[in-house]
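Peer 1: Residues per chain are reported as follows:
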Amino acid sequence: MNGKMIRGDKAYQYDLVVIGAGPGGYVAAIRAAQLGMTTVVVEKDRAGGVCLNWGCIPSKAILTSAELYEDLKEGERYGIRAQGISIDFPHVIRRSREVADRLAKGVEFLLRKNKVQLVAGTGRLDSPHRVIVDVPGKTPLQLDTAHVLIATGSKERTLPGLEVDGKQILTSYEALVDTEMPRDILIVGGGAIGCEFAYVYSAFGSRVTIVEMEKQLLPGVDTEVAQELEKAFKKKGIEVLTETKYHGIEKFPGRVEVALEYNGDIKTRTANKVLVAVGRVPLSADLGLEVVGIALNRGFIKVNEHMQTSCETVYAIGDVNGPPLLAHAASEEGIAAVEHMAGKREKGIDHLKIPACVYCQPEVAMVGLTEEQAKAKGYTVAIGKFPFMASGKAIAKGHDEGFVKLVVDKEYGEILGCHIIGHGATDLIAEIGLARTLEATTAELTGTVHAHPTLSEAIMEAALSAEGRGINF
Amino acid sequence: MAIEIVMPKLSDTMEEGKILKWLKNVGDKIEMGDIIAEVETDKADMEMEALDAGILAEIRVREGESIAVGGVIAILSEDGVGVTVGASPSKSEGVKLAVSVPPSVVEVEEKEKPIAEAPMPLPQASGVQALPIPERKVRELREPRPRRESHEATGDGERVLASPLVKRMAEEHHIDLGQVSGSGPNGRIIKQDIEAYLAKAPAQPSSTRASVGEPTPAPVVTPMVTSGGTKQTFSRMRATIAKRMADSMREVPHFYVTCEVDMSEAVRLRTALKASDRVQSDVTYTHFLIKAVAIALERHPRLNAAFAEDGRELKAEINIGIAVSLEDGLIVPVLHHCNKLSLLDIASQGNALVERARSGKPAGDDLSGGTFTISNMGMLPIEHFTAIINQPQGAILAVGAIKERPVVRNGQVVIAHTMMVTLSSDHRILDGVTSGQFLTEVKKLLENPVGLMV
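From first to last, the protein sequence lines are chains A and B.
Here the first sequence stands for residues 1 to 473, where the numbers follow the numbering used here.
Here the second sequence stands for residues 1001 to 1454, where the numbers follow the numbering used here.
Treat the hints as calculated values from the structure; they're not laboratory data.
As the structure is a prediction and not an experimental result, all values here were calculated from the model.
Check the hints yourself; a few may be wrong.
[What the hints assert, rightly or not] Quick list of simulated restraints, FRET-style, between CB atoms:
| no. | chain 1 | residue 1 | chain 2 | residue 2 | range |
| --- | --- | --- | --- | --- | --- |
| 1 | B | 1033 | A | 430 | 32 to 40 Å |
| 2 | A | 312 | B | 1275 | 45 to 53 Å |
| 3 | A | 60 | B | 1174 | 16 to 24 Å |
| 4 | B | 1031 | A | 312 | 54 to 62 Å |
| 5 | A | 345 | B | 1369 | 26 to 34 Å |
| 6 | B | 1330 | A | 223 | 27 to 35 Å |
| 7 | A | 297 | B | 1173 | 38 to 46 Å |
| 8 | A | 270 | B | 1237 | 51 to 59 Å |
We put the beta carbon where it would ideally sit given N, CA and C, even for glycine.
Turn these sequences into a full structure, and let the hints steer you where they fit.
Peer 2: Below you can see the structure in the form of structure tokens.
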């Protein structure tokens, strides 16, 4: 007879306690339940986490309103004349909250359906096998468990002097519920969040200045892509200040004056609101990490490739264990962690398979290595590029800015990375995600018939270009 | 014929097992490998697999009952004889017939107890309450079967699962994919598998290198064993190191000579150089070593040579490689024409070279053309070690840490800074005395380091 373990150690009340019900925690909990683990999720706020309540989802709802408004304003370009278009900004915000609420309820249902208990309260470690849940006004709960998964996420980072007041100085959190549309807004930080808000406010008609201390918007992203985005932003009237640092702020009724430092010089900008989008900090405090001796690295919980912390019964996933700070990365890490606990997985996470997307217009999406990274790794790189201005579909849609850039290993045609800027980029990147998972080469991309006219043809054309045989460009 | 199914020993410490659930009914046809029951052990709930095929004739231990390891829990009939479906129990105990739960049932309903009746079975820290414990669910797991670990030969047109990239790499390297184990979904061969195979497989038999009378070994494919532990797939660099080091150890007859070098003067000189504001670069002991070795190589050209098929190839240039460690690997950037460089040139060019190599941006010939290698582990408290020759070079110098040791000078025991250096030589082109003389030269040069400055 042959046996296979299907459920964990009987010495504990639970097989798994998950702290945090965001996109990492709730997905991990459901996967654990599927694997037969008795699972509890502890959440102090609402199921769904930042992504669903205060991030990805409500911001995309607002973005949709912004895009619609922008399209209506530009209707004449398409032969559609509309008059008296106006923005009901409180309604825009209200709709985004409704979308978030609906999805949060969905997460609660999914947990229930999978027999995962959701416990309201704040979890902290008491030992490698025990989580204490503090519930306001009640006796704390004690949960004894074989494994713990920390999925507490991150919160907005602020800068000294830029204390958030929710009126004049906001982070993305306040901005998502602020029903007063800014007339002039200065955005500190040119990363993904800063760029998305810059686009949204600009589309709604605000005067927008975006300040980034690095040489380019979206630091770390392919340089050509970042330059293209800067060009597109400037065309929309957004003031882009790179290599510029926040220096100081002075508040007045109804306006703020922000001092900025560029190349040693100080210049000032006046705005009625400031959005601070300078990154996120891990929520790793007050978790009892020191009690069980879990190591941190600049506030992020240190983990191995299986998401295991320095205490082997405790795993950490998502934003709290460090970059990439992406919801889908957290989900994948959660699944990997739980499968490792159950002894069902040997391989860790391949972060080069995790795509990253920025939802401004034009959209930015990427997966795998950049050109520079590929060269540094010793690959002989071939670049395949196709601009959307040569795409029939893009021209017909009236959005022909941007391009697809494929980074290819010349030796075997392996697709090392892909960087897309343009309308529809965030959906197009999925094809390359699949191609990389399947280890497809340019031959498979060019050998796949792409329907005409679609934006996806641009991927095929970029692959042809990498092979030195582009047809439409 | 009847086969007894006994309670298996599913863990080291298991003495008895409880049948949680029968997944097959009396009368059901059972194939080898079918999951027939779920068993509770002292450690965990396990699935129990049938090792024989037949018809389930009799169930002797009911769900919820326990039995010692080795006890008969059911009878399997190979030919269906003795199956008693629907009949009343022939024995007074333990026979359960016509189980009412169909085998495909996925889940047994969960019975959660309301909070008010929550049991408190576990020791509690004071001031805390327990959550109700949901009963453990019993569910059939629809997980994919474990993947196949290896592939049989492909000769007979059997389909090999391999990624397009792998197929292209296999074509290029003339590899029969039937020889490669796949670690992807369903045993699909993916890039890391073929890279591991390439790193492991012996080089293509080359007619010139094969020694006479020795049969060429057939490529050995070790099946991937995954019993505990983790398998780390080689990076390209690691794979190259693995192959080159194994090749060198296999082909090159190494011998080693060691001596102690008094570095007291060198320590003093280095301190002086450091203090001087006219010296821009950080002059390290590695630079002293490069300079000393370069001079010694000029005087002992046989050490600056490579083994060739029918002789010894004396190199015209003196290009010294410096072993630099990286995360899980090493590289050997090469400082060219060392005999033509002053100590300060060696320091400034050497520092820039190592920096370029470490940051992954080596220039043109930074990694090629070496004629001799120095491996300095002096940054660690290593007394001495031996290094593997970096083919096609003829020798490599392994340098230990400088340490205060008692030495005898003029009949007096004094404390001096000394280090141990060990030269590995290719015995096909070098003999003990030649290498010994070379090492003596290096020792002398380092012990009177002022000579390195002029």
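Peer 1: All the hints need checking, so say for each whether the structure fits it.
Peer 2: Do the hints match the structure? See the list:
Look at residue 1033 of chain B against residue 430 of chain A: about 37 Å separates their beta carbons, and that is inside 32 to 40 Å. Between residue 312 of chain A and residue 1275 of chain B, the C-beta spacing of about 50 Å keeps the proposed range 45 to 53 Å intact. Range check, residue 60 of chain A to residue 1174 of chain B: about 51 Å between beta-carbon atoms, so the 16 to 24 Å window is missed. For the pair residue 1031 of chain B and residue 312 of chain A, the beta carbons lie near 38 Å from each other, so the given range of 54 to 62 Å is not met.
Between residue 345 of chain A and residue 1369 of chain B the CB atoms are about 45 Å apart, so this pair departs from the stated range of 26 to 34 Å. Distance hint check: the CB atoms of residue 1330 of chain B and residue 223 of chain A are about 31 Å apart, consistent with the given range 27 to 35 Å. Taking 38 to 46 Å as the suggested C-beta distance range, the pair residue 297 of chain A and residue 1173 of chain B conforms, at roughly 40 Å. Between residue 270 of chain A and residue 1237 of chain B, the C-beta spacing of about 54 Å keeps the proposed range 51 to 59 Å intact.
In summary, the structure is inconsistent with hints 3, 4 and 5 from the numbered list given earlier, while agreeing with the others.
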